[in-house]
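Please put together the full structure from these sequences, using the hints given.
Each residue of the sequence shown is one higher than the one before, counting from 1 in the UniProt record's numbering.
Keep in mind that the hints were calculated from the coordinates and are not lab data. Be aware that a few hints might be false.
For each label pair, taking beta carbons as the anchor points, the in silico distance ranges come out as [unchecked claim]:
(1) His72 - Glu25: 31 to 37 Å
(2) Asp20 - Glu104: 51 to 57 Å
(3) Asp55 - Val116: 41 to 47 Å
Glycine included, every Cβ here is placed at the ideal spot set by N, Cα and C.
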Amino acid sequence: MTLVAGIDSSTQSCKVLVCDAATGEVVREGRADHPDGTEIAPAAWEDAARTALADAGGLGGVEAVAVGAQQHGMVCLDAAGRVVRPALLWNDVRSADAARALVEELGGPAAWARAVGVVPLAA
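And the structure:
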């Protein structure tokens with residue numbers, strides 16, 4: 001039997017499925033919750049991944065792994081690659097007013113898109 005694994009690190013949890021590649025049958029699985037909130041210590045994601053992987057019996061015998069994760073988060077690192085603060089997630093909109101003001105101050109959304117290819121948002 002050829003085994004493949006999928007790992008999904010979403011906003012709420014990390015999930016691992018190990019499946020039979022030929023049939024898609026789930027052979028083993030694991031899951032671990034992430035902390036609630038809009039600022040999360042990145043180490044919590046690593047801890048959840050380790051727990052979910054252990055609960056799924058590890059990756060022994062797995063031929064291929066696919067990984068998916070939440071997007072639009074920001075992990076700030078120092079020059080040595082160490083985390084300097086909790087990660088800000090997509091659902092943190094505390095800076096919405098400041099982002100709107102900055103966009104307008106520097107010419108509006110179209111000007112931002114032309115100049116840098118993206119318009120700043122709160123998240």
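Checked hints:
1. His72 - Glu25: 31 to 37 Å: About 33 Å separates the Cβ atoms of His72 and Glu25, which means 31 to 37 Å holds.
2. Asp20 - Glu104: 51 to 57 Å: holds, 55 Å
3. Asp55 - Val116: 41 to 47 Å: The hint (41 to 47 Å, Cβ to Cβ) holds, given that Asp55 and Val116 are roughly 43 Å apart.
Of the numbered hints given earlier, the model fails none.
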